[in-house]
Amino acid sequence: MSEAQSNSTNDLCIEIRNMNKWYGDFHVLKNINLEVARGEKIVICGPSGSGKSTMIRCINRLEEHQEGDIIVDGTELTNDLKNIDAVRREVGMVFQHFNLFPHLTVLENCTLAPIWVRNTPKLEAEATAMEFLERVKIPEQANKYPGQLSGGQQQRVAIARSLCMRPNIMLFDEPTSALDPEMIKEVLDTMVSLAEEGITMLCVTHEMGFAKKVADRVIFMDEGEIIESNNPHEFFDNPQHDRTKLFLSQILGH
Amino acid sequence: MTMTKQTYVPGTHPSMPPPKGSTGIAYWLKKNLFSSVSNSIITLLAIYLLYLAIPPAINWLFFDATFVGTSRKDCDPNGACLAFIGERFNLFVYGFYPAELRWRVNLSAILLIVAGAAVLWDKIPARRFMLWYALAYPLIAAWLLLGGFGLESVSTHLFGGLMLTLTIGVTGIVCSLPIGILLALGRQSNLPIIKYFCIGFIEFIRGVPLITLLFVASTMLSYFLPPGSTFDLLLRVLIMVSLFASAYMAEVVRGGLQALPKGQLEAAESLGLNYGQSMRFIILPQALKVSIPGIVNTFIGLYKDSTLVIVIGLLDPLGIGRASVADSAWLGLSTEVYLFVAIFFFISCFGMSRYSLYLENKLNTGHKR
Numbered sequence: 001m002s003e004a005q006s007n008s009t010n011d012l013c014i015e016i017r018n019m020n021k022w023y024g025d026f027h028v029l030k031n032i033n034l035e036v037a038r039g040e041k042i043v044i045c046g047p048s049g050s051g052k053s054t055m056i057r058c059i060n061r062l063e064e065h066q067e068g069d070i071i072v073d074g075t076e077l078t079n080d081l082k083n084i085d086a087v088r089r090e091v092g093m094v095f096q097h098f099n100l101f102p103h104l105t106v107l108e109n110c111t112l113a114p115i116w117v118r119n120t121p122k123l124e125a126e127a128t129a130m131e132f133l134e135r136v137k138i139p140e141q142a143n144k145y146p147g148q149l150s151g152g153q154q155q156r157v158a159i160a161r162s163l164c165m166r167p168n169i170m171l172f173d174e175p176t177s178a179l180d181p182e183m184i185k186e187v188l189d190t191m192v193s194l195a196e197e198g199i200t201m202l203c204v205t206h207e208m209g210f211a212k213k214v215a216d217r218v219i220f221m222d223e224g225e226i227i228e229s230n231n232p233h234e235f236f237d238n239p240q241h242d243r244t245k246l247f248l249s250q251i252l253g254h
Numbered sequence: 001m002t003m004t005k006q007t008y009v010p011g012t013h014p015s016m017p018p019p020k021g022s023t024g025i026a027y028w029l030k031k032n033l034f035s036s037v038s039n040s041i042i043t044l045l046a047i048y049l050l051y052l053a054i055p056p057a058i059n060w061l062f063f064d065a066t067f068v069g070t071s072r073k074d075c076d077p078n079g080a081c082l083a084f085i086g087e088r089f090n091l092f093v094y095g096f097y098p099a100e101l102r103w104r105v106n107l108s109a110i111l112l113i114v115a116g117a118a119v120l121w122d123k124i125p126a127r128r129f130m131l132w133y134a135l136a137y138p139l140i141a142a143w144l145l146l147g148g149f150g151l152e153s154v155s156t157h158l159f160g161g162l163m164l165t166l167t168i169g170v171t172g173i174v175c176s177l178p179i180g181i182l183l184a185l186g187r188q189s190n191l192p193i194i195k196y197f198c199i200g201f202i203e204f205i206r207g208v209p210l211i212t213l214l215f216v217a218s219t220m221l222s223y224f225l226p227p228g229s230t231f232d233l234l235l236r237v238l239i240m241v242s243l244f245a246s247a248y249m250a251e252v253v254r255g256g257l258q259a260l261p262k263g264q265l266e267a268a269e270s271l272g273l274n275y276g277q278s279m280r281f282i283i284l285p286q287a288l289k290v291s292i293p294g295i296v297n298t299f300i301g302l303y304k305d306s307t308l309v310i311v312i313g314l315l316d317p318l319g320i321g322r323a324s325v326a327d328s329a330w331l332g333l334s335t336e337v338y339l340f341v342a343i344f345f346f347i348s349c350f351g352m353s354r355y356s357l358y359l360e361n362k363l364n365t366g367h368k369r
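Which chain is which? The protein sequence lines are A and B, in order. Anchor point for the first sequence: position 153 equals 153 in the working numbering, and the numbering is continuous, going up by one each time. Anchor point for the second sequence: position 146 equals 146 in the working numbering, and the numbering is continuous, going up by one each time.
Chain A on its own, in the form it takes in the complex:
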């Protein structure tokens, strides 16, 4: 498929093998197999309820899978809390609803985890945080509370907060779905510049422009299955599966 898979297995960042998940009786993820190479950018799309969010939430164990293996950066996700914590330290996540901590300032949001999880000295953590806040272009908001910022600014803070942990992998769960159109662009710009730096990214989004621009691979999911996985050029111009064609015609149709 893509050149990523021809790399040696040592360069695999995430490996999901025969993963299944149920909510009660409902089979939400069906036999998922996915290999992500280091530095690869993957965009995951699909209709709502297709399991895309659930799948990436399994990667940092916000959701528990019942069957199969998930190996992140060489660490297998099991019930072992040590492994879970180890994975979470290396995997950053950005949520649809930002989930900033409203009782802490922007700067405190960014320094809390480095200080307490990585044992970074406070001054150093603050310097790092300011660096990343500058990267997402809002250093002047550092001492405000999240409630005083616009949605787009909050999401950029959330991205900076994840980056402060210097993760190897970033997961984005519909990062622009809760934003006004004017603010989507500023968040996407931030994500594009992040992608250019070579971090491994998995992004659930319906922003097809973003997918065309940065994705190495686009994955289409429906009813808990990975239906199609291809490079963006092939995916958009020559979709193989009827379900994909229908989805693309609906999402690009206007």
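These are calculated hints, taken from the structure and not from any lab test. For each residue, glycine too, the CB sits at the ideal point set by N, CA and C. Check each hint, because a few of them may be wrong.
Stated by the list, open to error - If we take Cβ atoms under 8 Å as the criterion, some of the chain A residues that face chain B in the derived model are:
hint, residue
1, F26
2, R88
3, N99
4, F101
5, P102
6, L112
7, K137
8, G147
To be verified - If you anchor each label on the Cβ, the simulated ranges turn out as follows:
hint, chain 1, residue 1, chain 2, residue 2, range
9, A, S150, B, W28, 34 to 40 Å
10, B, K262, A, I71, 49 to 55 Å
11, A, S150, B, P18, 25 to 31 Å
Assemble the complex: chain A is given as a structure, and chain B must be docked to it using the hints.
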């Protein structure tokens, strides 16, 4: 057919002052007191009722009141007999605490104010040191009040009045919040033993009246303890009151925990914070903030419930008031006595409620869910 002239370029409209008559005292009066005919009538009626009630009350309490005297006969029958309150004042404050040792009660009260300021007011100088002091305060107060280690011992049977209320209230408040938080977290635990223990405890305590627990503390507890062991009555009361309040506190805190969006814990976990860190830095600060009204409500309830200790023979201000009313030299003074007790409780409880409002405002960081 434009009738008005537009004197500015679109996009440069200046901010104008509000129209006349929409600010100021006259506007406030009209909007709040005389906004309609029926509101005006109610306003006038209320003013008239206040006029009827307040001057006589002030006359009774101050101008016609008798402040010195040794028995009922010295009092002006048209006014309040405050001489009685004055004579019994020490009893109301110290109970039966030995007169020559009352300085110890006064000292612990002053230290309590300092400790309270350290906890409640974050701008106090050297706060870190002050908080350590506040943490040590219960031991200091226990030593001062009970004696031992060089001080003359005082039996808890002599505790009474205001100092008894404060002892029970402060102990209950200090113990019930942390225990309540642990119970609330335990109730949400994934470990069945912890979870069902917490649920069982909370439901049992909430299902039983405090008065029953106090009776258990005063009588039945001795059946369960090894024979011959003495277990101070006041200590038993303190334990029961604290446990009772913690069960209510647990439910208040649980309400706060449930008010938080799930995303907060997920965000904390995704950053690698462990359970303890997530609770300490993310979940509890927010949950407790949401719960402040309920927490203070429970505190006030607990504080006033301390009057129930009268049923097991401890005399708080209300108990002393009841005993005083029966004094043959001062018969018929229940109004003065109960008014005095009511004012005392009102001041403490109103203070707590004001503080909770101040705290809510201070912790408001501009996000309303």
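- Message: Tell me the hint numbers this structure goes against, listed in increasing order.
- Response: As far as the earlier hints go, 1, 7, 10 are violated by this structure, in ascending order.
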